[in-house]
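Could you build all of it, start to finish, from the sequences and the hints given here?
One letter stands for each residue in the lines below.
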Amino acid sequence: MNQVSKSKRSHMASFKDSLLLWLKENIGIIIALLVLCLFLSLNPVTKNSFLTLKNVFNVLRQISSNLFLACGMTMVIILGGIDLSVGSVIALSGCIAAGAVSRYQLPLPVAIIIGILVGLLIGMFNGLVISKTTIPAFIVTLATMNIAKGLAYVYTGGSPVRVVTKEWQFLGAGYIGIVPTPVIILIVVLIVTGLIMNRAKIGRYIYAVGGNAQAARFSGINVAKVKFFVHAYSGLMAGLAGVVLASRMYSGQPTAGEGAEMDAIAAVVVGGTSMSGGFGKIGGTIIGGLIIGVLNNGLNLLNVNSFWQYVVKGIVILLAVFIDYMKNRKGR
Amino acid sequence: MEDKVLLKMKNIHKSFPGVYALNSVDFELRAGEVHALLGENGAGKSTLIKVLGGIYTADQGEIFIEGKRVEIKDVVTAQKCGISIIHQELVLVPYMTVGENIFLGREPMKGKLVDRARLHEEAQKLLDAYDMDIDARTMVGKLPIAKQQMVEIVKAISYQSKILVMDEPTSSISDKEVSFLFNTMRTLTAKGVGIIYISHKMSELEEICDRVTVMRDGKYIATEVVKETSKDRLISMMVGRDLKNYYTRDYAEHGELVLRCENIADGQLVKGASFEMRRGEIIGFSGLVGAGRSELMKCIFGLTGHYTGDIYLEGKKVHIKSPAEAIKYGIALVPEDRKVEGLYHIQSVKYNTTIEVLKDFIKFIHVDKGKEEEITQKYIDLMATKTPSSRQLVGKLSGGNQQKIMIGRWLATAPKILILDEPTRGVDVGAKSEIYAIMNSLAKAGMSIIMISSELPEIINMSDRVYVMCDGRITGCLNHDEVTQEKIMRLATK
Chain A
1 MNQVSKSKRS HMASFKDSLL LWLKENIGII IALLVLCLFL SLNPVTKNSF LTLKNVFNVL
61 RQISSNLFLA CGMTMVIILG GIDLSVGSVI ALSGCIAAGA VSRYQLPLPV AIIIGILVGL
121 LIGMFNGLVI SKTTIPAFIV TLATMNIAKG LAYVYTGGSP VRVVTKEWQF LGAGYIGIVP
181 TPVIILIVVL IVTGLIMNRA KIGRYIYAVG GNAQAARFSG INVAKVKFFV HAYSGLMAGL
241 AGVVLASRMY SGQPTAGEGA EMDAIAAVVV GGTSMSGGFG KIGGTIIGGL IIGVLNNGLN
301 LLNVNSFWQY VVKGIVILLA VFIDYMKNRK GR
Chain B
1 MEDKVLLKMK NIHKSFPGVY ALNSVDFELR AGEVHALLGE NGAGKSTLIK VLGGIYTADQ
61 GEIFIEGKRV EIKDVVTAQK CGISIIHQEL VLVPYMTVGE NIFLGREPMK GKLVDRARLH
121 EEAQKLLDAY DMDIDARTMV GKLPIAKQQM VEIVKAISYQ SKILVMDEPT SSISDKEVSF
181 LFNTMRTLTA KGVGIIYISH KMSELEEICD RVTVMRDGKY IATEVVKETS KDRLISMMVG
241 RDLKNYYTRD YAEHGELVLR CENIADGQLV KGASFEMRRG EIIGFSGLVG AGRSELMKCI
301 FGLTGHYTGD IYLEGKKVHI KSPAEAIKYG IALVPEDRKV EGLYHIQSVK YNTTIEVLKD
361 FIKFIHVDKG KEEEITQKYI DLMATKTPSS RQLVGKLSGG NQQKIMIGRW LATAPKILIL
421 DEPTRGVDVG AKSEIYAIMN SLAKAGMSII MISSELPEII NMSDRVYVMC DGRITGCLNH
481 DEVTQEKIMR LATK
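These protein sequence lines map, in sequence, to chains A and B.
Under my numbering, think of the first position of the first sequence as 1, with each following residue one higher.
Under my numbering, think of the first position of the second sequence as 1, with each following residue one higher.
Honestly, the hints are just simulated from the structure, not real lab data.
Each hint can be trusted.
Where chain A lies over chain B, by a calculated footprint (3+ residues, C-beta under 8 Å):
id : region
1  : 323-333
2  : 339-351
3  : 365-375
This structure is a prediction, so every number in the text was calculated from the model and none was measured.
Every residue gets a Cβ at the ideal spot worked out from N, C-alpha and C, and that includes glycine.
In structure tokens form, the structure reads like this:
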């Protein structure tokens, strides 16, 4: 009895520790996010629309796809690589899942699984080439980006694959209780990713390979296996994002996910992960994704011209990374 | 030789937040001398050199060059004062020719274009003047490290430098190249250049240096004439206490055969090596750089996929295809180059200590943090590693402490066979002595240790038996009661 309560207390303590550490590590971007939210909830134009439950869920629904990608991307970047193929995978997996329902009348769960598997397969292909050769991830995924995009156009003939069944929308546009389904999926994905990176052995191996691949080899770590796993996971996340997005848009679209890889990279980098590998946290990526999501939402609510939105987004990314840079420089 | 004083540094102070790096340090360099700067890691040698080179400015103190007071504000003034520093890590551009590197930033011009013909001609003249068998038109990246170092020296001389600083120049070159380097240094000193020489290798002091200045904890300790002092005296000045037993080794009866290797070859550097080892033995591997010692150990540790020959562990024949398999068989390898092959610099002491034994405290997604901390602390204590906490980033520790972390990491796997490749390279004297003592107690407890080392004194004083390698083969085995430097060198050059 005594032992149980003791272990519970130590669990609570370790949870508190990691929460404090997370706050300390991400204090710069957390403040940036809070300032952004504060501004939107006080500004006369947006104060009645921003802090409503509907809008908050709306923002979370919008960022879910980006954060699915960013979960995989965080691992890939910590590994010292990059995955450019994820945006195109969104299009291909979405189209194939939609096609499975509307063209072949397959049951919904089967279609969803097929869509996700498409992403996983492309990720596994990336992982296979990257782990067995010395071709950089940038080049390999640049190639598969084009292949996946091309296949999506070939499969659809260039026009969206519409799905009329009502159940199809559950994944992307539906609700569980009052919470949008993609938000529930997002929470599950974040927890799983966090556990893999912080608790499982493979998580530590990812940091090892990204930090010093040569040393990892001397450590007896199966470097090829780690690279394969990470790229497969990134593909899996992209497949999931593709299916969820297709569900939200009532159709698989070959143009979906264009530039999505860049938004994912932005979330990861704003979240403090180092592009040179070996360092980064999923907790930072979450904040990074939130900043980009809230910003998009805020600019829309403020009726900012969509062309100018790109400019503002670019400046904010630069600012966030700059704050991080100043913080690290002070630490040295 | 006239005793002209080239450089005088007086009462130099330098502090960083929280650290008093230099506390009233004096240093003097005469024309035509090689003056060694000796001290453990963290003693302040590199800080002093950085003050001299204009990378740091001193908080207090004066610098005189040939009697004139100078203010060294930055790297350019240092160069103008005739000071050149050859860093441990070479800073040449690999994809440029030797000549282009020497004249980088001050190329001879023909109108608006670089006069490449004249550039290479002049570079060649400089190279030939020092009998360096180097073509000025070769790409620097294609030269071996030792030759690149020569290019750095020539580059320094071409600036008309009178004061040359060499930071551990022999740490990555072979003995033959070392003797060529020393010859070049002698040519330079004969011309009146003064050389400040930083090295951890005591044997080199006697060979090349005239005077030696010892530093400890940021303070000046003493300056001595090399011929009139002794190694023990210098060591005790560096460490600040008498190191009674620098080497600790209790020879004992050995147990049964643990490892037997027959005719191991990797198709490249290793060309058929056979040896054996018993329980509780420390065997040394000596030989010149490139003799195939490290490569032989890589075969045994599964880092070379396709080796030929047989390995027997405790009598059973095994074929080791990967490091993971080697670890399962109870073999551990602490690699030669801990920076490149060993450490995860941006990770903590804890991460670096436990990376081989994650299965002891991670079950699926449950991390036993108490156990993790316990393992880390155990090896910090065992190795007497100096670190503020287990969360300290490994990259911020000194070389000796980094090496202790590396050894601790592999001891955590409870190996039967521990392979140490150059275990004391870049490690200060105090930590070296501690590592020797730990090796001794491990062997006493029944571990079998293979030590590769280029430092003959440690090989001779620590090994039960010494295998000498030359050109991929084992050319002889010497027992600890018969081994001498001469015998090793004869076998190493067979």
